[in-house]
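Participant: Generate coordinates for the entire structure from the input sequences, incorporating the hints supplied.
Order-wise, the sequence lines are chains A and B.
Read in full-length UniProt numbering, the first sequence has 121 at position 121, and its numbers run on one by one without any break.
Read in full-length UniProt numbering, the second sequence has 49 at position 49, and its numbers run on one by one without any break.
Since the hints were derived computationally from the structure, they do not count as laboratory data.
The model shown is predicted, which means the values in this text are computed figures rather than measured ones.
Glycine is no exception: its CB is placed at the ideal position from the N, C-alpha and C atoms.
Misleading hints may appear alongside valid ones.
Said to hold, decoys possible - Simulated restraints, written as ranges between beta carbons of each label pair: (1) B:E157 - A:P20: 52 to 62 Å; (2) B:P76 - A:F208: 47 to 57 Å; (3) A:F208 - B:D5: 29 to 39 Å; (4) A:F209 - B:A33: 27 to 37 Å.
Unchecked claim - Sample of chain A residues at the chain B side, in silico, Cβ under 10 Å: (5) K8; (6) P83; (7) A85; (8) R149; (9) D182.
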Amino acid sequence: MRTEDLIKALDADASSKAMPLRSAWWLAAGAAIVIAAMVFLLTIGPRPDFMAAAHTMRFLSKFLFTIALAVSAFGLIRALSTPGASTARAVAWMAAAPLLMAVAVVLELFMVPEALWGTRMIGSNMMICMAFIPLIGIGPLAIFLWMLRYGAPTRPVLAGAVAGLLAGGLAATFYAAHCFDDSPLFVATWYTIAIAVLALLGALGGRFFVRW
Amino acid sequence: MSGKDEAELSRLLRAAIAGDEKAYADFLHRIAALVRGFVRRKIVQGGVDPEDVVQETLLAIHVKRHTWRQDAPVLPWIYAIARFKLIDAFRRRGRRIEIDVDDIAETFAEPETETVSERDIGRALDGLPPAQRSVVSAISVEGQSIGETAAKFGISETAVRVSLHRGLAAIARRFGRE
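Facilitator: Structure below.
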């Protein structure tokens with residue numbers, strides 16, 4: 001087929017419309033939140049003393065970290081799914097969640113006697129944490145990978161990994177409302193591992209599923 | 001020069017997305033020339049046919065035009081897609097050579113590994129379901145309008161548009177999947 005002929009076909013198809021990628025991302029984010037909320041409420045649900053806990057700094061710091069991760073990953077994945085978009089600023093924002101985490105960990109190490117560090121880190125819920133963050137996040141991850149296919153990521157593996165971080169941040173935000181282990185030492189260890197699992201799954205999805 | 005291109009091309013693509021077919025044809029011709037220049041500069045040693053990359057890029061730009069933000073510059077978007085398709089063409093060729101050299105018997109046994117080569121979109125067209133293939137080739141190779149194609153096959157114009165759209169999307173997907 002000559003290029004000229006191809007152009008005729010593309011031009012004849014000019015009226016076909018697809019939703020702008022930017023709007024589609026907001027729709028996907030909404031759908032992902034709904035799915036994560038449903039899985040969360042149908043399985044573990046919030047802890048019974050949620051309202052009381054909401055007044056403690058340790059409990060709130062978990063959300064600071066997970067929401068920062070989700071919001072910054074959402075900014076980056078939108079840039080990564082658009083060819084030619086600048087990613088520098090979005091990448092810089094990705095440092096926010098780890099930095100907040102690092103500050104919280106340092107403060108915790110000052111406040112808690114050394115003998116308790118190990119207990120705080122191990123906590124009591126690590127298996128539930130490592131099972132339910134991926135479980136809550138898998139539906140959102142599928143949506144985000146599908147969105148990457150709808151977009152045009154020129155670095156699909158990286159974009160897939162960021163989809164995993166986004167799903168992880170979202171899932172961890174819900175999970176944090178359930179978990180009794182509020183120490184930053186616990187969060188920095190087990191949340192990170194659980195989110196990394198989703199990031200790895202996302203990278204694999206990016207490699208094998210996100211082709212265009 | 002580039003600034004003028006930028007303003008003109010984004011104006012054309014905005015008009016095209018708003019439904020102006022003439023603007024879209026103009027846009028496609030201009031970026032075909034731009035991308036051709038870009039690809040020819042990049043391919044210094046032979047093996048990949050620049051025109052194949054031009055065609056794959058045009059098709060990708062078409063099926064992914066909803067990813068362009070209308071308030072963002074259009075040239076970086078076009079070149080990012082062209083670069084991606086160029087790398088893809090080299091990657092595919094590398095894989096194909098491996099099959100040809102190492103295992104000729106297997107190539108004969110599995111002709112489908114050859115059907116989507118980087119060589120041309122025409123061959124991908126042959127792999128479409130018959131209804132889509134005849135509509136796409138009537139409009140492209142034979143240069144007929146939507147109306148003429150509808151009359152020729154005795155189907156509605158809407159059906160022609162749907163087949164054309166699905167056919168083009170399927171060809172684009174085949175290049176991505178390889």
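Participant: Now tell me, hint by hint, if it's right for this structure.
Facilitator: Outcome of the hint check:
1. B:E157 - A:P20: 52 to 62 Å: violated, 26 Å
2. B:P76 - A:F208: 47 to 57 Å: Violated - the Cβ-Cβ distance for P76 (chain B) and F208 (chain A), about 28 Å, lies outside 47 to 57 Å.
3. A:F208 - B:D5: 29 to 39 Å: holds, 37 Å
4. A:F209 - B:A33: 27 to 37 Å: Holds, at about 34 Å.
5. K8: Constraint on K8 (chain A) satisfied, holds at 5 Å.
6. P83: Status holds, d = 4 Å.
7. A85: holds, 7 Å
8. R149: For R149 (chain A), the interface hint holds, since the closest Cβ of chain B sits about 9 Å away, which is under 10 Å.
9. D182: It is violated, given that the least Cβ distance between D182 (chain A) and chain B is near 41 Å, above 10 Å.
In this structure, the hints that do not hold are numbers 1, 2 and 9, in rising order.
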